[in-house]
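Starting from the structure of chain Y, add chain C where the hints point.
Here's the letter readout for the chains.
Protein chains: 2
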Amino acid sequence: MSVELRQHIEKITPLTDEEFAYILSHFKTKKLRKHQFLIQEGDHVHNDHWVQKGLLKAYHTDEDGKERILQFAMEDWWITDYQAYFNEGNASIYIDCIEDAELLVLSLENREKLCNEIHGIANFFRRKSNFGFIALQQRILLLLNKNPQERYERLLQLSPQLLKRLPKTLLASYLGVSRETLSRLSQF
Amino acid sequence: MSVELRQHIEKITPLTDEEFAYILSHFKTKKLRKHQFLIQEGDHVHNDHWVQKGLLKAYHTDEDGKERILQFAMEDWWITDYQAYFNEGNASIYIDCIEDAELLVLSLENREKLCNEIHGIANFFRRKSNFGFIALQQRILLLLNKNPQERYERLLQLSPQLLKRLPKTLLASYLGVSRETLSRLSQF
Numbered sequence: 004m005s006v007e008l009r010q011h012i013e014k015i016t017p018l019t020d021e022e023f024a025y026i027l028s029h030f031k032t033k034k035l036r037k038h039q040f041l042i043q044e045g046d047h048v049h050n051d052h053w054v055q056k057g058l059l060k061a062y063h064t065d066e067d068g069k070e071r072i073l074q075f076a077m078e079d080w081w082i083t084d085y086q087a088y089f090n091e092g093n094a095s096i097y098i099d100c101i102e103d104a105e106l107l108v109l110s111l112e113n114r115e116k117l118c119n120e121i122h123g124i125a126n127f128f129r130r131k132s133n134f135g136f137i138a139l140q141q142r143i144l145l146l147l148n149k150n151p152q153e154r155y156e157r158l159l160q161l162s163p164q165l166l167k168r169l170p171k172t173l174l175a176s177y178l179g180v181s182r183e184t185l186s187r188l189s190q191f
Numbered sequence: 004m005s006v007e008l009r010q011h012i013e014k015i016t017p018l019t020d021e022e023f024a025y026i027l028s029h030f031k032t033k034k035l036r037k038h039q040f041l042i043q044e045g046d047h048v049h050n051d052h053w054v055q056k057g058l059l060k061a062y063h064t065d066e067d068g069k070e071r072i073l074q075f076a077m078e079d080w081w082i083t084d085y086q087a088y089f090n091e092g093n094a095s096i097y098i099d100c101i102e103d104a105e106l107l108v109l110s111l112e113n114r115e116k117l118c119n120e121i122h123g124i125a126n127f128f129r130r131k132s133n134f135g136f137i138a139l140q141q142r143i144l145l146l147l148n149k150n151p152q153e154r155y156e157r158l159l160q161l162s163p164q165l166l167k168r169l170p171k172t173l174l175a176s177y178l179g180v181s182r183e184t185l186s187r188l189s190q191f
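Heads up: the sequence lines are chains Y and C, in that order.
When you number the first sequence by my numbering, it's gap-free, plus one each residue, and the end is 191.
When you number the second sequence by my numbering, it's gap-free, plus one each residue, and the end is 191.
Okay, chain Y solo, but in the shape it has when bound (with noise of 0.2 angstroms):
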């Protein structure tokens, strides 16, 4: 079972079966259908979520009303609130599924036990956290160029799976840029 979540840990460092047996002996399993809440803004956030199958976004709501998303996450990546995560309060964001999800759950406690047993899991989410804050940093210059055929391609060049798979309104509002400048931008 979720032969994917060793392969993603193997990409970093390597485990003996035993190991990952009892690593993924942390780990609780969660199916959400397309629509549904992972967190909602106030809720009090115990965990980080691997998904396994499945596209979900975090946002962020104005006061007006309008969503800003701050991220997505297909398979292979890792969605929480982080804020509320590491400081064991509560969701300043929402996350939900724009498709249905199959997602690995790890509790803040189960993963500083991990961290603390095994070097190699210490070591593994050592640089998934230097590659996230990495992505958050591209994410950053992406929204700071003011030029959207850029930020439109530079979309494009780091992540072209995500981008065939989205909603375009949900592309639209990542991007920054109103839904008839994207088709112009994307040629649909």
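Certain hints may be false.
You can't tell identical chains apart in this list, so a pair holds if it fits in one copy or across any two.
Unchecked claim - Computed list of lysine-lysine pairs in PhoX-like fashion (alpha-carbon distance at most 25 angstroms, straight line):
(1) 69 <-> 33
(2) 56 <-> 171
(3) 14 <-> 37
(4) 149 <-> 171
(5) 69 <-> 149
(6) 149 <-> 14
(7) 171 <-> 14
(8) 171 <-> 131
(9) 131 <-> 69
(10) 171 <-> 37
(11) 116 <-> 149
(12) 69 <-> 31
(13) 14 <-> 116
(14) 116 <-> 131
Quick caveat, the hints were computed from the structure, so don't treat them as lab data.
Only chain C this time, still in chain Y's reference frame:
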């Protein structure tokens, strides 16, 4: 020497005198004057930098020559081009000094060495990276918020020290507003 670095690490993980001396022996020092570059686009990036004294900015230059500010760093913060650092590649951003700076410099090789040798320091960098990730999420939410007044107030709440110290032109650029709008927002 560098009581501050020890305090900085010990906010997360306790260290013995011997451990700290050993860790410190893996750092070099670097002094830069105001306006000097720490990193220029295309440089091979070997090092991360902890700010002992001073104020720096990391930015991307658009094709039109405009600076897009990615982050600032003052005392107790870390700064480098993390994409280049973790991937052992070349810089895609510039980092220069807003004020004279004294830095403690850590190569990726020494960082990995220390993380493999001392569990506490691996733990420290893992947690720092988590908090860095959160700070970038905050920056993204700031950029996604279309209301300049709210962006200003949010930054005031998150980093009051930074806000006091930044030249107004850079602050306006960071917030993505004009110098005139900033004056109105902050009632200078």
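Next item on the list: Could you check the structure against the hints above and give me the numbers of any it violates, in ascending order?
Entry: 1, 3, 6, 7, 8, 9, 11 and 12
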